[in-house]
Amino acid sequence: MAAPLKVDYAFNAEDLESSAKIVKFSILKKHQEPDAAQEHELASFEETMLPHMDAAHNLAKWLLRNEEDAQDVVQEAYLRAFKSFSGFHGSNGRAWLLTIVRNTSYTLLKKNRAVDLTTTFDEEIHTAGHEPVSPATILEHSENAELIKEAMDELPVEFREILTLRHQEGLSYKEIADIMQIPPGTVMSRLARARGKLKEYLAARISKDK
Amino acid sequence: MNCEEATKLMDGYLDGELDPITSQTIEQHLRDCPNCDQAYKTHGSLIRVIGNAAPYYKAPAELRERIQSSLREEMVAQPMRNVGRDVQPLFPRRQPEPRTTLFGTPWSWLGLAAAIVFAAIIAWNLLPGFQRADAEQFLATQLIASHVRSLMANHLTDVASSDQHTVKPWLDVKLDFAPAVFDLTNDGFPLIGGRLDYIENRPVAALVYQRRKHFINLFIWPAQSVMTAANKTISRQGYQLVHWIDGDFNYWAVSDVSESDLQLFKQAFEKQLPRR
Numbered sequence: 001m002a003a004p005l006k007v008d009y010a011f012n013a014e015d016l017e018s019s020a021k022i023v024k025f026s027i028l029k030k031h032q033e034p035d036a037a038q039e040h041e042l043a044s045f046e047e048t049m050l051p052h053m054d055a056a057h058n059l060a061k062w063l064l065r066n067e068e069d070a071q072d073v074v075q076e077a078y079l080r081a082f083k084s085f086s087g088f089h090g091s092n093g094r095a096w097l098l099t100i101v102r103n104t105s106y107t108l109l110k111k112n113r114a115v116d117l118t119t120t121f122d123e124e125i126h127t128a129g130h131e132p133v134s135p136a137t138i139l140e141h142s143e144n145a146e147l148i149k150e151a152m153d154e155l156p157v158e159f160r161e162i163l164t165l166r167h168q169e170g171l172s173y174k175e176i177a178d179i180m181q182i183p184p185g186t187v188m189s190r191l192a193r194a195r196g197k198l199k200e201y202l203a204a205r206i207s208k209d210k
Numbered sequence: 001m002n003c004e005e006a007t008k009l010m011d012g013y014l015d016g017e018l019d020p021i022t023s024q025t026i027e028q029h030l031r032d033c034p035n036c037d038q039a040y041k042t043h044g045s046l047i048r049v050i051g052n053a054a055p056y057y058k059a060p061a062e063l064r065e066r067i068q069s070s071l072r073e074e075m076v077a078q079p080m081r082n083v084g085r086d087v088q089p090l091f092p093r094r095q096p097e098p099r100t101t102l103f104g105t106p107w108s109w110l111g112l113a114a115a116i117v118f119a120a121i122i123a124w125n126l127l128p129g130f131q132r133a134d135a136e137q138f139l140a141t142q143l144i145a146s147h148v149r150s151l152m153a154n155h156l157t158d159v160a161s162s163d164q165h166t167v168k169p170w171l172d173v174k175l176d177f178a179p180a181v182f183d184l185t186n187d188g189f190p191l192i193g194g195r196l197d198y199i200e201n202r203p204v205a206a207l208v209y210q211r212r213k214h215f216i217n218l219f220i221w222p223a224q225s226v227m228t229a230a231n232k233t234i235s236r237q238g239y240q241l242v243h244w245i246d247g248d249f250n251y252w253a254v255s256d257v258s259e260s261d262l263q264l265f266k267q268a269f270e271k272q273l274p275r276r
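As given, the protein sequences belong to chains Z and S, one line each in that order. Residue numbers for the first sequence, in our numbering: 1 to 210. Residue numbers for the second sequence, in our numbering: 1 to 276.
FYI, nobody ran anything at the bench for these hints, they're computed from the structure. Each hint should be verified, as a subset may be incorrect.
[As the list claims (entries may be wrong)] Only part of the chain S face toward chain Z is listed, based on derived beta-carbon distances under 10 Å:
1. Asp11
2. Glu17
3. Pro20
4. Ile47
5. Ala145
6. Thr233
7. Ile234
It should be emphasised that the depicted structure is a prediction, and the values quoted were computed from it without experimental measurement. Glycine residues also receive a C-beta, built at the ideal position from the N, C-alpha and C atoms.
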């Protein structure tokens, strides 16, 4: 660990001439050992939050579409959550953690890939002109996980987000509104648009493959 | 309800997120309109499939380990950072150490001791307050649960009537107290009916009012002589609770309407109570 080395160095440099400094050294030393209260806090944090790591990772992966970024974001989110854990009094640990994961993901998206936040729109696929595909045909293909994944990955980030929260995490509109920081009334309309778009993209892919 | 409205609300209906009345209206429309019914069925099955077919990316085991060890490091590093500033003077500049000792005890320890004593005094004084707050939280939980249950199970009212002269006698017979019952239609809160409920280990009266498409449960039971401060507003899980005491009764209004609406409701109700 870096810190104790620094202290050792200071210790030698001072030639042991000031006793006050030695006192400081011993106080510093004390902080090395996490005390029982800290251990307890970590244990309670882990108990509350670690079970939601799959949910956190899944959301980050859908938002960022990149495994490495997703892992970094989840780790960062856990550290942030731990630092503000004393301020968490709710009972919904998953929604709280997902809010942090979401915000951390957006920060990264904004920083790295500003283009990602604007609606991605693949002209080649979405220009009209392919044959109309019936709902029944979409349904036939809809168990094709690869197809669903590709179509979902094409959606704008806020649509991927809401579909993940609703369909994979099964969260209520209220929880989704809290996580996405949008009014509860917006959840239904955004979800409807996301599903509509997904249907459209699926149809486009199916007709292209035909 | 026409097809356009039904289509707009279909996602909320599929997700079970509409209030009971709107859900019923949609159900009715789907029974009457084969087109919408067909659209609803296709949309519904597609939505179910999405959830099952889209890959769920579980966290890999190495991420789990990485996070656990980084948390541990964070825990150890946290206090280090706080004393970091004190470490600086260790390096050459010779200046008198400001933190000398008093009778051999470092100042910081005296400070710590003082802080502990201080904290203990504060805790001692606040504790009864916290306990009261706990009891209140528990009551709020019971009230919200009751409210939610009343909307869920087709058991909103035992006696459905907008006539206060029907609801009041019904309740009077069932209870050992006689709560005031008013129809507040003129204030925008029509009375829907009354119900018996059970809160804080006693039967209570629940009056049900409507505000547009939302319901308000007003729970009433006799106030005890030792009551804490009345007039409270609590907001939890998206529900608003307003509490007041008037005369001999405790009132708790619970609803998902906005807080201002609930305050209006309270004023409308209080206006009807005989002045004393």
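Outcome of the hint check:
1. A hinted interface residue such as S/Asp11 counts as satisfied when its beta carbon comes closer than 10 Å to some beta carbon of chain Z; here the least separation is about 4 Å, so the hint holds.
2. Evaluation of the S/Glu17 hint against chain Z yields a held restraint, the C-beta minimum of about 5 Å falling below 10 Å.
3. Given the 10 Å rule on beta carbons, the hint for S/Pro20 is violated: about 15 Å separates it from the nearest Cβ of chain Z.
4. Hint on S/Ile47 holds. Least Cβ distance to chain Z is approximately 6 Å, under the 10 Å limit.
5. A distance limit of 10 Å between C-beta atoms decides the matter here; for S/Ala145 the minimum to chain Z is near 14 Å, and the interface restraint is violated.
6. Hint status for S/Thr233: violated, given a least beta-carbon distance of 19 Å to chain Z, over 10 Å.
7. The closest approach between the C-beta of S/Ile234 and any C-beta of chain Z is roughly 14 Å, which is over the 10 Å cut-off, so the hint fails.
The earlier numbered hints that this structure contradicts are 3, 5, 6 and 7.
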